[in-house]
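Enquirer: Top to bottom, those sequences are chains Z and F.
If you read the first sequence in the numbering used here, its first letter stands for residue 1, the second for the next number, and so on.
If you read the second sequence in the numbering used here, its first letter stands for residue 1001, the second for the next number, and so on.
Derived from the structure by calculation, the hints contain no laboratory data.
Cβ atoms here follow ideal geometry from the backbone N, Cα and C, with glycine treated the same way.
Careful, some of the hints might be misleading.
In silico DSBU-like cross-links for lysine-lysine, where the CA-CA straight-line distance does not exceed 35 Å [unchecked claim]: (1) Z/K59 to F/K1048; (2) Z/K129 to F/K1057; (3) Z/K39 to F/K1124; (4) F/K1057 to Z/K59; (5) Z/K134 to Z/K190; (6) F/K1031 to Z/K48; (7) Z/K129 to F/K1039; (8) F/K1039 to Z/K59; (9) F/K1124 to Z/K31.
A few chain F positions that, by computed beta-carbon distances, are all more than 10 Å from chain Z [unchecked claim]: (10) Q1049; (11) E1073; (12) E1076; (13) M1093; (14) E1140; (15) E1145; (16) G1198.
The lines below spell out each chain.
2 protein chains.
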Amino acid sequence: MKPVAPSPDNDRYQHQRQQAIRSAASVFAAKGFHGASTKDIAEHMGIKQGSLYYYFKSKEEALGEVCRYGIEEYVEHMTSIAVSDQPFESKLMATITSHLTSYRERNEALKVHNDERLYLPEEKRATLKLLGSKYRQQLEGIFEEGVKSGALRGSLDCHFAAQAVIGMCNAWGDIIVREPDLDLFDTIQKCTDLILNGFRERRIVKR
Amino acid sequence: MKPVAPSPDNDRYQHQRQQAIRSAASVFAAKGFHGASTKDIAEHMGIKQGSLYYYFKSKEEALGEVCRYGIEEYVEHMTSIAVSDQPFESKLMATITSHLTSYRERNEALKVHNDERLYLPEEKRATLKLLGSKYRQQLEGIFEEGVKSGALRGSLDCHFAAQAVIGMCNAWGDIIVREPDLDLFDTIQKCTDLILNGFRERRIVKR
DNA sequence: TAATAATTCTATAGATCTATAGAATTACGG
DNA sequence: CCGTAATTCTATAGATCTATAGAATTATTA
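Please take these sequences and the hints and turn them into a complete structure.
Expert: Now the structure itself:
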């Protein structure tokens, strides 16, 4: 019989559950939450549909875990950049690099978090929102530093800046996933340059 | 009995079909293609589930129509900006304004095009891709003008620029939909300013 | 108004899909 | 190697959901 509370506290269970989360991430990323079936997820990890419920009590719980996993890992990385001892411009580039690399490399969970979290119940969404806000606030903090150090204009709206950068990174993330040949480093540099300098011609002035 | 080819060529049919497309857009935008049922769409337009098939031969056809409607209207607007006789900076701002206003005002179809078109069969996606490319190329053209006129740097990668702007607008579009209180005009100005000038402090130089 | 055409409805076949129960199998501690 | 616990499987109830057929209703036209 299936245990009432099927959460054995051993390594194997934890490891398999992690696999299940990864499979769910992969399938949700490809087909969307409602377009993916529990059968798809189970097949992806090589077990039968019913067995999946040994690891999740519902499909929705699986989505919740994927989203949490995606954003948590991500916030961690952001934190390590924020607290590091680099000048502003390095931090900005590190942020963009982290974000885009994450998309290219593996992080299907982040994509799922961005695209599918709205299908979670209010309560879980609130938890995720906290994590997302933390991320944005750290980026805001980086911009504030930049303003203080004089690298950025004093008039800068740091809240706007952070949202714009996150939005742009997510947009490029989608493109990066669709076009595997795109030069990642080139894109990172151009994004950083855009954010710092914009596209306008800079007049060369004699001093 | 239901006609074999149910496409009566009269005004009423066309009008109701348009209503159906709008309802589908609204429901797909809220719940996603797979999360929305034909019952939802039918209820939204005040008819019964089965009756919807008088206007679409499948749910997928409805999605196709919504996407086409969303992007077509959009490309038209972009075209009118592109061929107009304004200086580069006005065209850029008009583009951003058009894009963001469209999100705020009504254009659920555009959101559906952006988020759900990947669930269409390859063939229909290809048609839409042409329209999307047309849109992007027109924006690229505007940037090329800007370079030629000396307003933008000669080193600018116009393809990158166009994708970055579209991506940023879509990202802000999502935010705008979620946060109805956001000041649209302020956001438009800040986006334009970001794209032109970036965030970096501009040194004041004596000449 | 009568006849025809267009539109909508009801009912349902058939194909999912989620979640659960209990049996079968596998791993593990002694 | 035996007994217990953990894991996976099979089978299925019950709830969808899409698409179709044909009846009922409404509009149109002569």
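Enquirer: Hint by hint, which ones does this structure get wrong, listed from lowest number up?
Expert: 2 and 16
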